[in-house]
Amino acid sequence: MSTALQQRRTQVAIFIVVLAGIIVLPLFFNPASGFVDDCTLALAYITMALGLNIIVGFAGLLDLGYVAFYAIGAYTMGWLASGFYADADIHIGVTGFAENLPGIHLNFFLVLIAAMVFTTIAGIIIGLPTLRLRGDYIAIVTLAFGEIIGRVAINGDEIKFSEGFPLTNGRQGITPVDKIDLPFVDQFTSLNLRPWYWVALGLVLVVLFVNFRLRDSRLGRAWIALREDEVAAISMGIPAVKTKLFAYGTGAAFGGISGAFLASYLNTVNADQFQFSFSIFVLAMVILGGLGSIWGVVLGSVALTFINYRLIPDVLNDVPNKVGLDFDLTELSFGIFGFLLVVMMVLRPEGLIPERRRQMELEEGIGAGDTELELVEP
Amino acid sequence: MSLGVAACGSDDDSGGSSTSDSASGGTINIYSSLPLQGASRPQTTAMVNGIKLALQQANNKAGDFTIKYTSLDDSTAQAGNWTPEATSQNARKVAQDDKAGVYIGEFNSGASAVSIPILNEAGVPQISPANTAVGLTTDEPGADKGEPDKYYPTGKRTYTRIVPIDTIQGAALATTMKQDGCTKVAMTNDKEVYGAGLSRNVQLAAQQQDVAILFNEGIDPKAPNYRSLASKAKGEGADCFIYAGITANNAVQLYKDFAAAIPGLKMYGGDGVAESGFVDPKEGGLPTSVSKNVKVTVATLSPDDYPPQGQEFFSDFEDTYGDKNPDPYAIYGYEAMNLALDAIQRAGSADKEKILEALFATKDRESVLGTYSIDENGDTTLTDYGLYTVNDGELEFDKTIKAETGG
Amino acid sequence: MEAASLPATRPKPLRVLQDWLSKYGLIVVLLAMPVYYGIQDLSDDGNLTRLGGNIVDGLSNGAIWALVAIGYTLVYGIIELINFAHGEVFMIGSFTAAGFFGTVGLTAGMGVPGLALGLLLTLVVCMVVSGMLNVMIERVAYRPLRNAPVLAPLITAVGFSFILQNVGILWRGGSQEGIPDLINSQHELFTIFGLDITNGDVLSIGTTVPLVILMVTFINQSRLGKAMRATAQDPEAARLMGINVDTTISLTFLIGGMLAGAAGLIYALYQTTIWYAQGFTAGLIAFTAAVMGGIGNIKGAVLGGVIIGIIQQISDNRIGTEWTPAIVFAYLVLIMVFKPSGLLGEETREAG
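Chains as they are written, first to last, in the numbering used here: chain P, 1 to 378; chain B, 1001 to 1407; chain X, 2001 to 2352.
Hints listed in this document are in silico derivations from the structure and should not be mistaken for laboratory results. In this text the structure is predicted, and so the values were computed from the model without any measurement. Careful: at least some of the hints might be erroneous.
List of simulated lysine-lysine pairs, DSS-like, C-alpha gap at most 25 Å [stated by the list, open to error]:
| id | chain 1 | residue 1 | chain 2 | residue 2 |
| --- | --- | --- | --- | --- |
| 1 | B | Lys1184 | B | Lys1234 |
| 2 | P | Lys322 | B | Lys1292 |
| 3 | B | Lys1266 | B | Lys1234 |
| 4 | B | Lys1099 | P | Lys322 |
| 5 | B | Lys1266 | B | Lys1184 |
| 6 | B | Lys1354 | B | Lys1099 |
| 7 | P | Lys322 | B | Lys1068 |
| 8 | P | Lys242 | X | Lys2339 |
| 9 | X | Lys2012 | P | Lys242 |
| 10 | B | Lys1145 | P | Lys160 |
| 11 | B | Lys1292 | B | Lys1184 |
| 12 | B | Lys1324 | B | Lys1282 |
| 13 | B | Lys1061 | B | Lys1363 |
| 14 | P | Lys322 | B | Lys1282 |
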């Protein structure tokens, strides 16, 4: 008992030290440096991947259309905090540049709440038709919704609520989007990324906390029970419909939070961002990190963000130049990304940090679901 | 951590060069930011080639300054297209560089909307070789409310472009169709900023000139074919067809399907399709049986009218890349770099503010695109469009169109 | 099984409605668009030529999707994996075809017998290349992960799809490429009931139908086909019965790849434009077709492919090409709502 307590104390101590390190990290870099930028993006993607992890990792519902929630979160920001609806003139809790622009301008945190509400509703709507479905059929229906929402984003400039109020701005994009506005702090700018980093970190901490609490709650156990054996779980009295919809709703809400943050951070909401490949990108973070494992997903998100935004464009593409070859590596970066995915997955099939539960199943074969060990090699 | 220290260190030594104006041996960095991955790659690599050629001709010098050029990528491997993440990262990278002189980019108007505000805050002069969306520089028809001011947080203009805005090309195309006797025009666009904007402007100009547009339909560039769309146009009795968009959005298939559905159909296109990849069957373009009915407008002159440096460009381009008919994008890239070098030379300084001033003071510049100035909005004053026909897989200059903009 | 997740008791009128919907809802959904536009055509033009034209185009396009969808469905049936790289295998088939035309020197003007022989040879080459490629992918990317968590191979599949797309870019560049129109694809061969049937239509349907019949016969009659079905049903039991599971899985990938290669050739001849990303779109559509028809079921995949082909053409013609993908996926969602196991589903382990 006391050793367990001690262990827990050491864990908490380590966590605090690491967290402190992460908080002060951007102070060692130029405030507009690419590194701080990559870190901020990684934090935003962690939020998103943790949301997807609830749907895919905890509840076992393969979602190939997660980009839908990113889109809805981002558009909420575009609708409620930009000059997009220039005929309206609503300003709540904003200062600086945004105060003098026409359009609807709500404070970032109000938009964040709206984004959570919208995406939760969207999550439940998308979840409803999948309730009767199993396995990969869920995947295709979520994929279909992701594609439909991507299409609506592209063609939304033709859908008008009334004159001057189209649904989206298509591929033209809604630019610029208001920056985060906090009381007592200077206006956020695009040349000082440190405040953005800290806000993103704050969001990640909130989401992490919710994730841990959910995983260890009654609901979390219900998700895992459904994932492992749906029929048994239902016969044990777990309300499948409610439990699944909760997973979609919470998972979607995290995607919405991250989407709203990214819209403000990237200063644009453009239909081209919401493609199927983005769903796959986030799913790869979850699976590569370790399905259902919270720390694994965090690591997976960081790894893929840095591969996509730093390793390939900045490090690898400079290599031929440095060794004196006139060879354009950008031509290969698509393939390199794919190759790295294959290699990492073959080397660590169960993910970088596997979920403790799954690891036990794989190593000792206890409680193995009927899908996992079907094709055992002789 | 070492990275941060290095970045801070480099700040110091650049401070000296801007104070002593005539310092020979000062270095100025020029960046380009273009989507080098995915479907736009053929156009953007042509552009980078044009940029490199211009620099090579100038022996990496502008006045007393040595120019160092870096090509940045605003697309990512995962997306295969420009992304706001990569674009803002590029803009910030340049914004931080005290030796940065000029930023050439972006290729997509949507991406420029992202990079302009960042570069504007840092005061970096920007030249776009390809953006035609109206709202980036002016509030003329075609721009949204709040444009263009919302892109310039400092209130001072930092963005220029060397391609004319859509309004002008739209009028040029409508004029051509009217001259050719078109009565019912089927119009398609690729829904990108350039294509959708151009199609709107063609529509406006066509209305003024009494050319009936049957429909203006956005296409899905990933569709395998457009046979049913073409048969719809046939059913409505179209005698002319126009596509506003770029080759990379499945233009070849689109023209083939329309040509097959309606024999003898007259077909038109903007500068987005004015390239060998569209007209030359050897490079995967249209078969000659289809392309003989195609006419294309480009903001470049008849090769005979080129000033000497323009002639030189064509011969050098052939020497360097073995292609005697470079894409218009190569020409735009070439001119973007030349304009940057010219501005730096006229500024005689590595100071961004002075380069910016010189850039906006560009007047009657003789170039490969014709003689133009940069107005106070950052737009080029070029208005003439060249009409090209296609002969045996090659674009051939036909005539210069004076567009009837109708007021 | 499906009912298990629904509450057991429901008010009676609701249950009646539900019964009616599950019986006829699907048919209503499927027929809604053609019937609506058929009536519109009759009142506008007095005939059904426009709708008929859409359906003919839909059939010939759908036949190509069907061939790709079979590959998806076979692989899914046997190892329950969405083979995301399958679309790229199809793309490589098209590229091989285009490359082969060039090397052998096939041209449109060389007369029917020579051309037919050349194309037959190309068909074999494409099928072999795509088939072997698919087998290779299975060996490198899926077999090492046989015992891994179910979703791990999904990511290697995506990884391979990126690699193959990059191969496509290096091979033939990043933009769409028009290739010689060997069969004069859009040339009107004959007219029936006022509908123009083109060379391309005949080629597409005329190649797909025999290939599908051959395939179904092979799987139903041959020893290897039986081994495939047995493995799909229960790999463990199949192994105990002396079936070499690894070989059977390789064979499945080979057949799926070969059909994708054939589809690649037909696509190249029919559309006369190829590009590296064609496989991505085709893969998405074919996957949708496979699920629509009931994943794991060959006839279902063919049916799904044809239905999607027709929906696409009707939507292109009436609603607008920019909405077509959204319409296709909306249809998919509706079909899943009314028949969760797909049109002809319930033959795989997962759905049963």
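Hint check results:
The hinted pair formed by B:Lys1184 and B:Lys1234 meets the criterion: a straight-line CA distance of about 11 Å does not exceed 25 Å. Restraint check for P:Lys322 and B:Lys1292: the C-alpha separation of about 47 Å exceeds 25 Å, so the hint is violated. With a C-alpha separation of about 13 Å, the suggested pair B:Lys1266 and B:Lys1234 falls inside the 25 Å cut-off, and the hint holds. Under the criterion of a C-alpha separation no larger than 25 Å, the hint pairing B:Lys1099 with P:Lys322 is consistent with the structure, at around 21 Å.
Annotation: proposed proximity of B:Lys1266 to B:Lys1184 holds, straight-line Cα distance about 11 Å (limit 25 Å). Annotation: proposed proximity of B:Lys1354 to B:Lys1099 holds, straight-line Cα distance about 13 Å (limit 25 Å). Straight-line distance between C-alpha atoms of P:Lys322 and B:Lys1068 comes to about 15 Å, which keeps the hinted pair within the 25 Å bound. Distance restraint check for P:Lys242 and X:Lys2339: the Cα-Cα separation of roughly 22 Å lies within the 25 Å cut-off, and the hinted pair is therefore satisfied.
Distance check on the hinted pair: X:Lys2012 and P:Lys242 sit about 22 Å apart at the alpha-carbon level, within 25 Å; holds. A threshold of 25 Å between alpha carbons decides the hint, and for B:Lys1145 with P:Lys160 the separation of about 16 Å falls inside it, so the pair holds. A threshold of 25 Å between alpha carbons decides the hint, and for B:Lys1292 with B:Lys1184 the separation of about 20 Å falls inside it, so the pair holds. For the hint linking B:Lys1324 to B:Lys1282, the alpha-carbon distance of about 15 Å falls within 25 Å, and the restraint holds.
For a cut-off of 25 Å, the pair hint linking B:Lys1061 to B:Lys1363 stands: about 21 Å separates their Cα positions. Taken as a hint, the P:Lys322 and B:Lys1282 pair is broken in the structure, with Cα atoms around 36 Å apart against an allowance of 25 Å.
In the structure shown, a violation is registered for the earlier hints numbered 2 and 14, in ascending order.
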